[in-house]
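**Student:** Each chain, letter by letter, is given below.
2 protein chains.
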Amino acid sequence: MFGYVGKCLKVNLSTGKIQMYNTPEELCDEYLGGRGFGVAIIADRITREYDSPEMPLIFAAGPLVATSAPTSGRMSVISRSPLTGTTFDCSVGGRFGTELKKAGFDLVEITGISEKWVLLNINNHHAFIEEAPALVGKNTSDVGAEIGKEGSYATIGLAGEKQVRFASIVFDGHYLAGRGGLGAVMGAKRLKAISVKGNGNISVADPEGLTSAREEIMRLLRASPAVFGEFGLSEFGTAALVDLIHARRMEPTENFRNTFFSHASRYSGYAMKTCYKTKRTGCAGCPILCKKIGTHGEIIPEFETVSHFGALNGCSDLSSIVEANKICNEYGLDTISAASSIACFSEIEGKTISPGAMISLLIDIARREKGIGKSLADGSLRYATAMGHPELSMSVKGLELPAYDPRGAYGMALAYATSNRGGCHLRAYPISHEILRKPVATNRFSFEGKARIIKIAEDLNAVVDSLTACKFVFFAASLEEYAKAITAVTGKNFDVQSLLKIGERIWNLERRLNELNGFDISDDDLPERFFKEEGTSSANIRIPPIERNAFLKAKNNYYHIRGYESGE
Amino acid sequence: MFGYVGKCLKVNLSTGKIQMYNTPEELCDEYLGGRGFGVAIIADRITREYDSPEMPLIFAAGPLVATSAPTSGRMSVISRSPLTGTTFDCSVGGRFGTELKKAGFDLVEITGISEKWVLLNINNHHAFIEEAPALVGKNTSDVGAEIGKEGSYATIGLAGEKQVRFASIVFDGHYLAGRGGLGAVMGAKRLKAISVKGNGNISVADPEGLTSAREEIMRLLRASPAVFGEFGLSEFGTAALVDLIHARRMEPTENFRNTFFSHASRYSGYAMKTCYKTKRTGCAGCPILCKKIGTHGEIIPEFETVSHFGALNGCSDLSSIVEANKICNEYGLDTISAASSIACFSEIEGKTISPGAMISLLIDIARREKGIGKSLADGSLRYATAMGHPELSMSVKGLELPAYDPRGAYGMALAYATSNRGGCHLRAYPISHEILRKPVATNRFSFEGKARIIKIAEDLNAVVDSLTACKFVFFAASLEEYAKAITAVTGKNFDVQSLLKIGERIWNLERRLNELNGFDISDDDLPERFFKEEGTSSANIRIPPIERNAFLKAKNNYYHIRGYESGE
Numbered sequence: 038m039f040g041y042v043g044k045c046l047k048v049n050l051s052t053g054k055i056q057m058y059n060t061p062e063e064l065c066d067e068y069l070g071g072r073g074f075g076v077a078i079i080a081d082r083i084t085r086e087y088d089s090p091e092m093p094l095i096f097a098a099g100p101l102v103a104t105s106a107p108t109s110g111r112m113s114v115i116s117r118s119p120l121t122g123t124t125f126d127c128s129v130g131g132r133f134g135t136e137l138k139k140a141g142f143d144l145v146e147i148t149g150i151s152e153k154w155v156l157l158n159i160n161n162h163h164a165f166i167e168e169a170p171a172l173v174g175k176n177t178s179d180v181g182a183e184i185g186k187e188g189s190y191a192t193i194g195l196a197g198e199k200q201v202r203f204a205s206i207v208f209d210g211h212y213l214a215g216r217g218g219l220g221a222v223m224g225a226k227r228l229k230a231i232s233v234k235g236n237g238n239i240s241v242a243d244p245e246g247l248t249s250a251r252e253e254i255m256r257l258l259r260a261s262p263a264v265f266g267e268f269g270l271s272e273f274g275t276a277a278l279v280d281l282i283h284a285r286r287m288e289p290t291e292n293f294r295n296t297f298f299s300h301a302s303r304y305s306g307y308a309m310k311t312c313y314k315t316k317r318t319g320c321a322g323c324p325i326l327c328k329k330i331g332t333h334g335e336i337i338p339e340f341e342t343v344s345h346f347g348a349l350n351g352c353s354d355l356s357s358i359v360e361a362n363k364i365c366n367e368y369g370l371d372t373i374s375a376a377s378s379i380a381c382f383s384e385i386e387g388k389t390i391s392p393g394a395m396i397s398l399l400i401d402i403a404r405r406e407k408g409i410g411k412s413l414a415d416g417s418l419r420y421a422t423a424m425g426h427p428e429l430s431m432s433v434k435g436l437e438l439p440a441y442d443p444r445g446a447y448g449m450a451l452a453y454a455t456s457n458r459g460g461c462h463l464r465a466y467p468i469s470h471e472i473l474r475k476p477v478a479t480n481r482f483s484f485e486g487k488a489r490i491i492k493i494a495e496d497l498n499a500v501v502d503s504l505t506a507c508k509f510v511f512f513a514a515s516l517e518e519y520a521k522a523i524t525a526v527t528g529k530n531f532d533v534q535s536l537l538k539i540g541e542r543i544w545n546l547e548r549r550l551n552e553l554n555g556f557d558i559s560d561d562d563l564p565e566r567f568f569k570e571e572g573t574s575s576a577n578i579r580i581p582p583i584e585r586n587a588f589l590k591a592k593n594n595y596y597h598i599r600g601y602e603s604g605e
Numbered sequence: 038m039f040g041y042v043g044k045c046l047k048v049n050l051s052t053g054k055i056q057m058y059n060t061p062e063e064l065c066d067e068y069l070g071g072r073g074f075g076v077a078i079i080a081d082r083i084t085r086e087y088d089s090p091e092m093p094l095i096f097a098a099g100p101l102v103a104t105s106a107p108t109s110g111r112m113s114v115i116s117r118s119p120l121t122g123t124t125f126d127c128s129v130g131g132r133f134g135t136e137l138k139k140a141g142f143d144l145v146e147i148t149g150i151s152e153k154w155v156l157l158n159i160n161n162h163h164a165f166i167e168e169a170p171a172l173v174g175k176n177t178s179d180v181g182a183e184i185g186k187e188g189s190y191a192t193i194g195l196a197g198e199k200q201v202r203f204a205s206i207v208f209d210g211h212y213l214a215g216r217g218g219l220g221a222v223m224g225a226k227r228l229k230a231i232s233v234k235g236n237g238n239i240s241v242a243d244p245e246g247l248t249s250a251r252e253e254i255m256r257l258l259r260a261s262p263a264v265f266g267e268f269g270l271s272e273f274g275t276a277a278l279v280d281l282i283h284a285r286r287m288e289p290t291e292n293f294r295n296t297f298f299s300h301a302s303r304y305s306g307y308a309m310k311t312c313y314k315t316k317r318t319g320c321a322g323c324p325i326l327c328k329k330i331g332t333h334g335e336i337i338p339e340f341e342t343v344s345h346f347g348a349l350n351g352c353s354d355l356s357s358i359v360e361a362n363k364i365c366n367e368y369g370l371d372t373i374s375a376a377s378s379i380a381c382f383s384e385i386e387g388k389t390i391s392p393g394a395m396i397s398l399l400i401d402i403a404r405r406e407k408g409i410g411k412s413l414a415d416g417s418l419r420y421a422t423a424m425g426h427p428e429l430s431m432s433v434k435g436l437e438l439p440a441y442d443p444r445g446a447y448g449m450a451l452a453y454a455t456s457n458r459g460g461c462h463l464r465a466y467p468i469s470h471e472i473l474r475k476p477v478a479t480n481r482f483s484f485e486g487k488a489r490i491i492k493i494a495e496d497l498n499a500v501v502d503s504l505t506a507c508k509f510v511f512f513a514a515s516l517e518e519y520a521k522a523i524t525a526v527t528g529k530n531f532d533v534q535s536l537l538k539i540g541e542r543i544w545n546l547e548r549r550l551n552e553l554n555g556f557d558i559s560d561d562d563l564p565e566r567f568f569k570e571e572g573t574s575s576a577n578i579r580i581p582p583i584e585r586n587a588f589l590k591a592k593n594n595y596y597h598i599r600g601y602e603s604g605e
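Same order as they appear, the protein sequences are chains A and B.
Everything in the first sequence is counted per the working numbering, starting at 38 for the first residue and increasing by one.
Everything in the second sequence is counted per the working numbering, starting at 38 for the first residue and increasing by one.
Hints may contain errors.
If several chains are the same, the list does not tell them apart, and a pair holds so long as it fits within one copy or across any two.
As a list, the in silico DSS-like pairs of lysine-lysine whose alpha-carbon atoms are at most 30 Å apart [to be verified]: (1) K314 - K590; (2) K411 - K590; (3) K529 - K199; (4) K411 - K314; (5) K407 - K153.
Don't read these hints as lab results, they were simulated from the structure.
Since we're looking at a predicted model, the values are computed, not measured.
Starting from the given sequences, assemble the full structure and let the hints guide the process.
**Tutor:** Right under this line is the structure:
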């Protein structure tokens with residue numbers, strides 16, 4: 038039984054030196070855990086290249102992990118992205134965070150570059166480095182078969198070994214630190230995998246307070262149509278979004294040339310549930326269980342994945358899309374960047390791509406092989422720039438955009454631009470307001486009030502990623518309940534305002550770190566297409582281009598609210 | 038300027054020793070060249086394993102090569118098949134045979150196993166072995182880019198390196214020693230590639246006689262609807278057959294469960310010509326130019342390939358089929374065995390396979406990776422046997438059947454069974470009689486007269502493969518004209534009967550060699566399905582199962598004509 042503050046593990050792969058120290062209490066107070074820990078620790082080395090020995094790769098759990106707080110089975114991975122060059126964190130599910138906390142550690146900070154490929158083994162207060170020649174060249178399920186028998190593990194596949202710039206890290210078979218290429222950072226360090234096993238328990242300051250917070254959250258969750266409703270996340274997973282986005286004519290189609298794909302119903306949540314007779318699975322300690330597995334063990338893809346291997350590439354064949362997702366899981370590859378890079382290639386080459394050719398090219402990318410596979414392994418922006426068409430990379434700060442066309446949700450447009458890790462839907466997720474109407478509905482075709490919504494949501498999500506909790510709970514519960522939970526765990530007083538203050542601190546630090554790497558407000562922008570070309574309209578819904586001036590005004594307003602100099 | 042009889046090159050990769058000797062005149066008289074040479078030379082070592090150092094791999098040109106005889110740009114590759122265990126020869130086009138002859142060599146016999154991966158370099162009377170570390174792991178187009186700048190080359194891709202049992206050898210980018218896994222023999226020897234360059238010219242005994250034979254053949258070719266007609270080979274390539282076979286309800290569909298695929302028109306010769314705006318290309322010295330290339334350099338697949346990646350796997354997406362063909366060319370893989378192994382897997386697993394999953398599995402096979410890719414890399418018969426269902430491997434002697442359902446052509450049924458290299462359409466090609474009505478039409482649903490037709494066609498094709506000429510010419514010309522050509526080249530008297538005698542000698546030797554490896558008449562059989570299940574019938578055409586007794590009677594008749602003991 039340990040308190041909620043554990044130890045930090047520091048591993049230098051160049052020297053083989055392993056150190057442990059108590060997690061500083063100020064770090065907990067100022068940065069909570071998870072993403073907050075990561076950005077605080079990386080700060081003094083952020084200008085190093087992603088593949089330099091000094092660059093840290095950090096795996097950090099939050100204070101709620103391994104407690105009875107709902108959706109507390111998550112953690113964060115943090116480093117500098119090989120794709121965007123920004124500071125980068127990914128929130129990951131599975132069991133890794135829980136095992137890490139139970140082993141006595143809040144975080145693992147890895148620096149250095151090993152001479153040979155190694156496995157880091159963490160077991161109840163102990164850690165050691167082993168050479169792992171037998172794991173090299175293996176894809177993620179084969180690594181899992183070797184080291185995943187107990188506890189939890191994180192591994193890269195071949196894409197990470199080859200430093201594909203959007204290689205992911207795969208946890209426990211199908212939880213991914215998906216975006217931004219943190220798998221390539223792991224690959225650059227010649228760290229093939231980490232296994233972790235812990236048997237300890239976490240004592241909390243006020244168990245009754247935690248139980249009461251937990252019950253409040255559970256009650257809200259159970260009452261939420263978005264989560265447990267007939268068409269909700271628990272029933273269909275994130276693919277529940279396919280129909281919602283389709284109906285609103287905002288599904289990125291053929292590299293964002295259109296916003297409507299007539300075959301989308303073939304890969305809707307309902308279609309996949311019917312075809313694969315899915316069952317639920319999910320992270321340690323989660324009541325929602327949003328992940329879906331088919332009767333023959335097929336891993337059912339997420340919304341972003343079906344939409345981008347589907348509409349974005351003009352592919353209507355569900356089973357080929359499921360195959361593409363499997364390949365990304367096996368090789369360790371971000372599905373969004375992979376599918377987007379292929380769609381960008383198709384537009385530049387003036388080709389339509391067949392399901393077969395899509396899979397073939399995807400494998401070339403994952404292996405960083407052949408001319409075109411090699412170029413696309415650097416991401417769509419580097420590829421499109423080399424081809425003389427940077428404007429056809431549908432990315433922000435080099436991170437490929439997910440499956441919400443910004444012409445159909447102006448809050449999302451602003452959030453893509455201001456996101457400090459590039460074109461990401463999860464920094465603010467205004468879709469919640471604009472499409473799901475949570476907590477209140479807003480007009481999706483207007484920038485009115487969006488700057489403030491985005492600012493607050495960005496801070497909120499920085500808190501969520503540091504606690505470390507799941508964003509899906511916030512369709513139902515709010516920071517109010519989580520403030521009670523964290524207060525009960527730590528015995529220190531947190532409220533919504535103090536938590537948002539921490540979120541803002543994390544956000545501003547991330548922004549400052551990006552500035553140190555040369556980013557400025559000119560990088561807070563969207564691809565030209567969205568300001569010039571219409572989306573696909575229907576009788577009821579017109580999808581015009583976004584007015585550039587309205588966008589710039591909203592962005593300046595956002596800077597003003599943030600207290601940044603605007604300068605535009 | 039050399040005579041038509043050149044030298045033999047003997048290379049031992051274990052010792053690095055290279056020898057040359059004059060091609061014995063008796064060998065020429067008794068076995069002509071090409072396939073005949075190969076089977077004569079391999080005879081004393083045929084019981085060795087394919088990967089033993091003693092097993093020869095032979096590349097042999099025929100006496101017409103590099104002369105002005107039409108379609109004389111071919112050659113043969115001979116060894117023992119890793120897939121079937123039989124003696125095995127492949128007839129190949131391109132420029133390799135021509136360059137070899139012009140370099141002064143009739144054949145190259147390679148034995149031994151190199152310690153490191155090597156390239157064999159043949160240049161005008163000289164040959165040397167070079168280490169080739171930079172070529173290892175490369176696929177065939179990348180090897181071509183390195184060594185294919187002048188002359189000709191033969192190489193294996195990754196599939197050959199990994200000894201996939203149906204790995205092919207790729208010549209000059211897209212001419213294949215496709216079937217039977219001779220690429221794996223090359224891989225077992227660690228011979229990555231051969232490059233050959235020759236500048237000599239071949240003197241012929243009677244140039245005027247050769248010109249006259251050539252003109253006769255050309256006149257017949259030009260008059261042939263099958264070759265130069267509106268729907269012929271020159272216009273559409275072998276894919277011209279798609280519509281013919283489709284209309285007759287004899288296209289193997291879903292692992293031969295059905296014989297009609299409603300989407301076949303999507304990959305007909307006409308469809309591919311329209312989609313890819315193809316142009317003609319072909320072997321050195323060929324007037325037909327049956328190969329087709331798309332405007333963006335796409336290699337257009339052959340009939341067997343489109344039909345098997347199409348109907349046999351239930352795939353109607355042309356562009357995925359073209360992709361599958363490209364992968365087979367790149368990795369060096371027999372398209373017929375690859376597509377059939379995947380179809381066999383689908384039936385055993387009770388799955389329908391998507392285009393994407395088909396491509397993904399194909400790449401796993403080519404790389405001999407992951408559980409299922411590894412099993413299928415041993416061919417459908419070993420896989421199906423391991424799964425307890427040998428009857429679902431649609432093969433004869435372990436060689437997967439091509440794209441003519443034997444229930445729709447009984448001559449083909451008999452020819453599949455008696456073929457001494459396993460389930461092959463090219464040993465006798467009775468399709469010529471049964472479908473193309475050349476030289477005369479026969480009833481495709483009867484065994485009447487087929488035993489004799491097959492016997493003669495087998496002998497004839499042994500001659501054609503030894504000359505070395507192209508089987509397509511024989512839709513128009515006959516052995517009569519070729520007897521004149523070979524007489525003119527050699528100055529020795531050949532006529533149809535003496536040539537057929539040589540063909541029979543080659544055939545009987547091959548059969549004897551198979552007997553030495555344990556084959557007997559029980560191996561001259563077809564998968565049970567063809568005797569038990571109906572094909573797909575239409576209003577006009579019924580495709581019943583073949584009557585086993587009629588088949589056995591025809592087979593005994595064949596043995597009788599051949600002068601073999603029947604014993605059934």
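**Student:** Since the copies are identical, ignore which copy is meant and state whether K407 and K153 lie within 30 Å (CA to CA) inside a copy, between copies, both or neither.
**Tutor:** both (26 Å within a copy, 24 Å between copies)
**Student:** Given identical chains, is K529 near K199, meaning Cα to Cα at most 30 Å, within a copy, between copies, both, or neither?
**Tutor:** Result: close neither inside a copy nor across copies, 45 Å intra and 62 Å inter.
**Student:** How would you classify K411 and K590 at a CA-CA limit of 30 Å: within, between, both, or neither?
**Tutor:** Neither. Shortest intra-copy (40 Å) and inter-copy (59 Å) distances fail the 30 Å Cα cut-off.
**Student:** At most 30 Å between alpha carbons: which applies to K314 and K590, within, between, both or neither?
**Tutor:** neither (48 Å within a copy, 51 Å between copies)
**Student:** 30 Å Cα cut-off: does K411 pair with K314 within a copy, between copies, both or neither?
**Tutor:** Close across copies (29 Å), not inside one copy (37 Å); limit 30 Å.
Going through the hint list in order, the structure does not satisfy hints 1, 2, 3.
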